[in-house]
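Here's the letter readout for the chains.
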Amino acid sequence: MGSGYGRGHHRSKEPSVNESLKPQPAGPGTASLPEALKEWRERHYDAEVAEKGEQRSFMSDVGIKIAPLYTPLDVDSGRSYLEDIGFPGQYPFTRGDRAGMYRTESFVVSAYSGFGDAQDCNKRFQTLVDWGAEQLLVALDLPTQCGYDSDHEMSTGEVGQVGVAIDSLADMEALFDGIDLTRIKRVGTLGNSIGPIVLAMFAALGERRGLEWSQYTVNLQNDPLKEYIARGTQILPAEAAARLASDCVAWCAEHAPNWSPMTVCVNHINAGGAGSSRSAAIALSNAMHYLDLLLGKGYGIDQVAPLLHMFPDERHDFFISVANLRALRRTWARLMKERYGATRPEAMALRMTVYGHGQETLQEPLNNIVRIGFGTLAYVLGGASYVYIASYDEAVSTPTEESVKVALRTQQILANEHGFIDTIDPLGGSYFVETLTNQIEEQIRGALSEIEDAGGARAVITTGLGRRWMTEGAVRRQRALDSGSRPWVTVNKWPQQPNVPNTAFRIDSRTLQKQLRRIADVKARRDPARVEAALAAIDEACRNGSNMVPPTIEAVKALATVGEICERWKSHFGVFEPSTDF
Amino acid sequence: MAASERKVRVLVAKVGLDGHDVGARVIARGLLDAGMEVIYTGLRRTPEQVVRAALEEDVDVIGISILSGAHLTLLPRLRKLLGEAGAQDIGLIAGGVIPQEDIGPLKEAGVNEIFLSGTPVPDIVHYILERYGDRA
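Chains as they are written, first to last, in our numbering: chain R, 1 to 582; chain X, 583 to 718.
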């Protein structure tokens, strides 16, 4: 602390005022901070380490070695509070995207849910809203996400399994039956490879209820590029998919600027192994790819950048996670301002959706409640706007109603108890967290430079750079686990057998039959001429490059199915080529 | 190692629509590091495609990674297709998230072994070498 503490009468020699104002003042005795730190480190810390040893390497997942202690020396040099940290809601937005942050509106308590058929799933949705979920994100089954109808051969065994089966607007209407879209903060889905279709369904859903699009808010993930790197629901070649995704943003910019039609994801790339900093760089390069497509169509950065959100991710290291969110906001703000010339604060203030995870285990899954709680707390301390959270049994199966309730209550506890949200950016100013924020920003920028040298977002896919980073990291993580260098309770410390309990949630065995009946019924009652005309308009939009969303809205309203629309896309754009690298 | 000995050949495969292939790729790398010859199919293969690849590549064992919940449909189908192709001797192992009560029925349907998510890679290497190493 300041040498002002020495200005009492107990000292024989009172320091002059000038001395008392010197930076890095003396600790005990007269040493400067660097000298005092060196003395502490060598004579005290290292001496204790020499005697007892350190418990482990303290290497974080992103490769930053955590130091035993952080001091003002780590954060002072070459940094300015106003330029680098600033105030919430002000450039460079390190401390938050809004001035009031959680003091005026808490993070949005959200649920990602879906299973079986629309009617079964609707009951779960009603329950979630009753429990206090403020946002519903529909988990779609894999056939829907990959553009296959429930009656397609590729859908065998998968209908309703990891999400709800949606074949047509009729299913979407059943799914949201009785749920007031205007009383819920956001509704949406991932729909990464079918962005225009799910956007069209949500647009048509409101329209058929007589709502204006400004009366409710739709959120999509709609980030296909990362599917080719990490998540694997891609349908088309990447360039065509990026165009369709950016069409959704363009359509919203004109018709529903309050919607958030794109959430650019770090999450799956990090889960795949790339580490949170490199994954953030890949996500940023993907975001810039979409933005460049939009700018190429004549939209302004101030018009479209506010419609993009990001989905950061860090599951291994708590303080790295807090710093990651802060660093990502700062990096985004600087890119938008310096590279794109954004002038509106909304274009520079990055809003973030997170999905709380820990390193969950199949061993003793109740422990995952604690892991997920801490993982989510880090995101809250980092200032995320929209919070989803894993259920403790999510590693096992579609979550049970009980585990979903625990997840939702965990968010509500974080938002209401313990004083977690009482002040804005509570870890700002921590020597440790500010140092990590600087280091992570450097890592993200360094990785972004590597990506750009390699050729940008497309090259991450085509050169295998993204998969290489993921595999490197995944193998490194596996070795750290197998060797025990990264402790994991019940896995490599106090190891237990993994177990998938028989109580794992199962979907109703009649789901497929119900879904096949429904799809047959829809096809019987719709007007075939209207469907064909709508699909022909989709063909035309494929050919002439006009925005895909308007003809897709018409097709969806005509009850064309997800599979029928995707088949048209495939016949024009072709299909993706799976990578066999490992 | 005698000159005539050939390395164990493994086909690591993703079947169905499940796109999470990190586990599959980490296992593939681990088996490669352990001295096996490894082929990875890439995403979204049908059981027919996997069996065809296994025959073309003359593998000793197929390792399926499956996390989507479609295991009760897809794994028995793979064993049936192997039988129809006269390749009953090719091993079929699976890894992923598979409830305890499904393990018995899957083994009855001809799946040789199940490794749940979180199994250390050396355990899988050990199993494959012990069971299929001498056939190579």
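Simulated from the structure, these hints should not be mistaken for lab results. Keep in mind it's a predicted model, so treat the numbers as computed, not measured. For glycine and all other residues, C-beta sits at the position ideal for the given N, C-alpha and C. Keep in mind that a hint or two might mislead.
Not the full set, but computed from the structure, chain R residues with beta-carbon under 8 Å of chain X [what the hints assert, rightly or not]:
id	residue
1	Ala31
2	Leu33
3	Leu37
4	Arg231
5	Thr233
6	Gly273
7	His316
8	Phe319
9	Ala474
10	Val500
Notebook entry, point to check: Does Thr233/R pass the interface check with chain X, least Cβ-Cβ distance below 8 Å?
Noted result: Interface hint status for Thr233/R: holds (5 Å vs cutoff 8 Å).
Next item on the list: Have a go at the His316/R hint: is there a Cβ in chain X nearer than 8 Å to its own Cβ?
Entry: 15 Å, violated
Notebook entry, point to check: Regarding the hint that Gly273/R lies at the interface with chain X, is the smallest CB-CB distance below 8 Å?
Noted result: 6 Å, holds
Checklist line | Interface restraint verdict for Arg231/R against chain X (beta-carbon cut-off 8 Å) | finding: 5 Å, holds
Checklist line | Agreement of hint Ala31/R with chain X interface, Cβ distance less than 8 Å | finding: 50 Å, violated
Note to self: Less than 8 Å between beta-carbons is the criterion; does Leu37/R satisfy it with respect to chain X?
What the structure shows: At about 41 Å, which exceeds the 8 Å cut-off, the nearest Cβ of chain X leaves the hint on Leu37/R violated.
Next item on the list: With chain X as the partner, please determine if Val500/R meets the hint condition of a C-beta pair closer than 8 Å.
Entry: 4 Å, holds
Item checked: Minimum beta-carbon distance criterion (8 Å), Ala474/R to chain X -> 5 Å, holds
Item checked: Given hint Leu33/R near chain X, where the shortest CB pair must fall under 8 Å -> 45 Å, violated
Note to self: Would the hint on Phe319/R be counted as holding, given a Cβ-Cβ threshold of 8 Å to chain X?
What the structure shows: Given a least distance of 25 Å, the restraint on Phe319/R is violated.
The structure does not agree with the numbered hints 1, 2, 3, 7, 8 stated previously, though it agrees with the rest.
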